[in-house]
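Engineer: Chain by chain, the residues run as shown.
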Amino acid sequence: MPDPIAAVARATPDPIARKVRGLSDRAIAWLFVAPTIFLLLAINIFPLIWTVRLSFTNYRANRPNEEVEWVGLRNYVRILTDDGIWANMQTTAHFLFWTLFFQVLIGFTLAWLINRKFKGNDLLTTLIVLPMMLSPAVVGNFWTFLYQPQIGLVNYVVELVTGTPASSFSMLGPGGYAPWSIVIVDTWMWTPFVMLICLAGLRSIPDYIYEAAEIDRASKWRQFWTITIPMVLPFLMLAVLFRGIENFKMFDMVVLLTGGGPGNETLLASIDLKREAFEKWRTGYSSAYAIILFVTVFGLASIYVKALNKVKER
Amino acid sequence: MKARLLAATSAAALCFAGGASAQSNELTLCWAAWDPANALVELSKDFEAQSGIKMNFEFVPWPNFADRMLNELNSGGQLCDLLIGDSQWIGGSAENGHYVKLNDFFDKEGISMDDFAPATVYAYSTWPKGTPNYYALPAMGDANGWFYRKDWFARPEIQAEFKEKYGRDLAEPKTQKELLEIAQFFQGREIDGQTVYGASIFTERGSEGITMGATGALYAWGFKYENTPGSYDMEGAVNSPAAVEGLEFYKELYKTATPPGYDNAYMEQSLDAFKSGQVAMAMNWFAFFPGLYADPNTGGDKIDFFVNPAQNQPASTLGGQGISVVSYTDNMDGALAYIKWFAQPDVQKKWWSMGGYSCHRAVLEDPEFVNSAPFAGDFLEAMGAVQDFWQEPAYASLLLAMQERLHNYVVADQGTAQEALDGLIADWTEVFEDEGKL
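Line by line, the protein sequences give chains A and B.
Under our numbering, the residues of the first sequence are numbered 1 to 314, in order.
Under our numbering, the residues of the second sequence are numbered 1001 to 1438, in order.
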């Protein structure tokens, strides 16, 4: 039987073969990864370094002819002493905490229930994951209608259950409901993602561990806490990491639902940053703002990944 | 082989030359996507026929219009040869070199700014404000006005009930306070088996909505940006007792006389509320009035229009735009030819007849103008008392600060009107300090 590798080698044109023949393995490896490294440097690292540089200036991208002044730490000081920005950070933290909390709680519960064998399991799984397949723009518009006080389903249901007139309150308006409304929409959309990761974790637990526990007469409750939870935990933590990073930069859905309002009640840091950078065109200032957010996410994520690795090692 | 290469190169060169020629014989005009833009497409067919230049149009929905177009200008993009940009952009676009200064061109072609309504020349064309430095030709006059359900107002039982309650006939309001009373009168009323509401007003948070709506009340009460124009001296002007009262009024109008959930509404929502028969009155830009009048369900004899009511003084919030030549165009001659064509009185008359709001005095001062549409007289009256937002290069920062302060107070119930306007002065002072103007 002819050797296929030898056939390919024979088919390689001579000049290339001759050139490659003279290279070491390390050189060939570099040859392969060089385009990727170049792209990474050009698209990620260079802009990052450039942003750091801009953050120390008063540069405005809409005034290219104006002289750019070096302002030292002024942008950072202004941002870190701005009460409005701290309020936006708090709003972001509120959104982040509660979306993660509900998505983990509901996502894990759904995964645990779906993991059992029953008729229609596949169909139900497909239905549950549908929201995460939708575009955030569609979800934003769709929920705006659901939250509409006069024709929206949400207010109608609240009226049906509590007797509160549907048109007497607005889920996206004043009254303190808006921050919770965006949490509900994000939870509806992304809980299936957490559920799928948890499901992968649950299905990776070998049956023999549960069988051994049964033989040892461990109760279902004990099996849950000593087998299921520890073995799913790395998966769950991974899901939290993904969703945490995503929600820290949440923008589109909230803009469509509330535009950051009422007032500043749902003004997340990412929305504020966009306004500073591309509406007010304070490029230097917004670069500093972006660096602060980047360091925050990067720092938190690094600590979290270390914790995740420790959990996996156990 | 060489012959084939030569032929291929020649063919490619010819194609390229053809492409370049076609490109220079085309113009792209950028504007917002709304009714007047469709009228301009029709009007521009005359220009195409006369000049042989093909017109392309790039229309962007209002909520994204500023973002999209300012990005285009700031990046030196060549998408637009001509831009009908908002009046507030003129300062930044002039100072940053995005718009071509048109003085020499106007002089050469005999286009006189005296032929256009002074308020529109001041607002849409000049920078620095009021100086004879022109960066646009007034293209689309506009102001924030009102329209109402004339058929509801005319019902005898409603008339009688209103008279009993307020001691006067139910008619178009002459003051802001009358407007509030009428709106409150209709709020929650049953008409034809449907619950209706008083008025749809602007409360939008994201772009410019609540500022454009609330200034209608603020200007009427006496709000001013500066004590002396050009001084940036805002204390006592922005937060004057009259301004505070005007802002409190707008909040009361929002709280007591608008449909439920009306907390993030701008042009589109106002039109929807009116056309769906939810509200008795609505505010919106005059640009929409021809379309509203033509609406088969709520237009015709069911609708009428009125200018923004005065309170301490007559005043309307300015809308509208001038048409500018973008500096980065690769068809400067074509763009200027369009401006020259558009400035002609005959073209301006046709522009008005098709639904565009001409600013040309030959149109506005025609004795027949007032009777040419049911809202024409109101438009003239409004344009005689318009006030505009800051037109500074930093207008976006100034606008976002006002959006935040107003929405926080009016919609989100935070603080008092006095605190909102005091805070606004602090925000604007910071912006002007950054700009080196204070």
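Don't read these hints as lab results, they were simulated from the structure.
Among the hints, erroneous ones may be present.
[Stated by the list, open to error] SDA-like cross-link-like pairs, simulated, lysine to any residue; straight-line CA separation at most 20 Å: (1) A:Lys-249 to A:Ala-212; (2) B:Lys-1437 to B:Thr-1131; (3) B:Lys-1251 to A:Gly-176; (4) A:Lys-274 to B:Thr-1131; (5) B:Lys-1437 to A:Thr-57.
Engineer: Each hint needs a verdict: does it hold in this structure or not?
Structural biologist: Right, here's what the structure says about each hint:
Distance check on the hinted pair: A:Lys-249 and A:Ala-212 sit about 45 Å apart at the alpha-carbon level, beyond 20 Å; violated. Taking the CA atoms of B:Lys-1437 and B:Thr-1131, the gap is about 19 Å. The hint holds against a cut of 20 Å. A hinted pair counts as satisfied when its Cα atoms are at most 20 Å apart, and B:Lys-1251 with A:Gly-176 qualifies at roughly 18 Å. Proximity of A:Lys-274 to B:Thr-1131 is assessed by CA-CA distance (about 34 Å); at most 20 Å being required, the pair is judged violated.
As the CA atoms of B:Lys-1437 and A:Thr-57 are separated by approximately 19 Å, the hinted pair is consistent with the 20 Å bound.
Taken one by one, the earlier hints fail for this structure at numbers 1 and 4, listed in ascending order.
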